[in-house]
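Required output: the full structure, derived from the provided sequences and hints.
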Amino acid sequence: MRSGFPILSLPHVVFRRVSKSWDIFDLIKLLELSSQDLKKAVKLTKFETQKVEVEFRKDYTVDVIVWFEGKEYTFNLIETMTEKMVTEFRQTSPLKCEIHYQRSQNQVEKICKSILDLFRKSSIDRFQFSRNIYESDFKNYSNIIVDAKSVHVSPDSVTEEELDLIFGIFQKLENLSLRNRLPKNYKGLNNRKLKFLRVPSDWNDIKDFEVERLWLPKTLWTTFEFNFYIKHWLKAPNPCLKEIHVMVMEISNIFDGLTTNAWNPCSRGKYFISEDGWKPTAIDCSGELDIVREDGLMATVTLEKSQVGFYVWHQKFPTVPKNARMQQKL
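Numbering of the sequence shown is given in the working numbering, commencing with residue 1 and proceeding in unit increments.
Each hint should be verified, as a subset may be incorrect.
With a cut-off of at most 20 Å between alpha-carbon atoms, the simulated EDC-like pairs for lysine to aspartate or glutamate come out as follows [stated by the list, open to error]: (1) LYS58 with ASP156; (2) LYS149 with GLU212; (3) LYS187 with GLU160; (4) LYS149 with GLU210; (5) LYS195 with GLU174; (6) LYS96 with GLU72; (7) LYS316 with GLU294; (8) LYS110 with GLU98; (9) LYS149 with GLU109; (10) LYS96 with ASP26; (11) LYS51 with GLU174.
Don't read these hints as lab results, they were simulated from the structure.
This is the structure:
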């Protein structure tokens, strides 16, 4: 990008083509440092992003991560003690830029706001915490957190206070991912509806959660536990449940005491559509056994070594999206 060139004199079609050749760092610098007319012209170009994420790192810096034009760009925001009031941009690689700023500049919110304005978004999509969570973490995000739907917590443990803070701040939370188990006897999830929950957990801890999709990593259920969970589901709790993924110790007797039906192509489709929030996956359920509740709701159980999938067919014949990943049988 040449300095001094009267770029606003270009026709909009040409300006749009030229601006599309800039990387995300050039665009954000323009929004931070340029005139209002140039900022307006850049925004009218209508750039698109898949998602914008904020990560609170272990070293207490903040990363703002943008998926743009098929690449992952990272702004690493570093608070400094220097007396200079000028924000410094240092591009350290083609996909990473360091931004050094003073605390008084409130630069984290400014950069986030510039990115959201560029892509015409109202909120950060996902917040990730790689360290402990504090109420002060959110003081600079009041205007860009309103529609955030996803939170990932990666430390080995999470406290009740931290979870309560998350649920209090993120009023539209739909997707929650925890690296380790919930605090013992924690009740904050009992009446909370989520689209996705990833947490290591025993069956008894999650049996009454109103969650659409449950991923239970680092969890090994016994055959009895999974069998008991299916029988619990047959009594019609959690009407919104769509799928569960869990490791089961031994799968040979998993259907004891249950009535199962062989797949009938006239009863349901071949592919179950699983969604992780970004890209759907079409899971081949042909030939797997089905279980039917008294209300007619059907579920399929897939067995792959010790990995068990439990899929509930709220839609019997879903359309496979064109962008879906195809997960075939091994």
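Item to complete: Could you tell me which of the numbered hints above are not met by this structure, giving the numbers in increasing order?
Response: none
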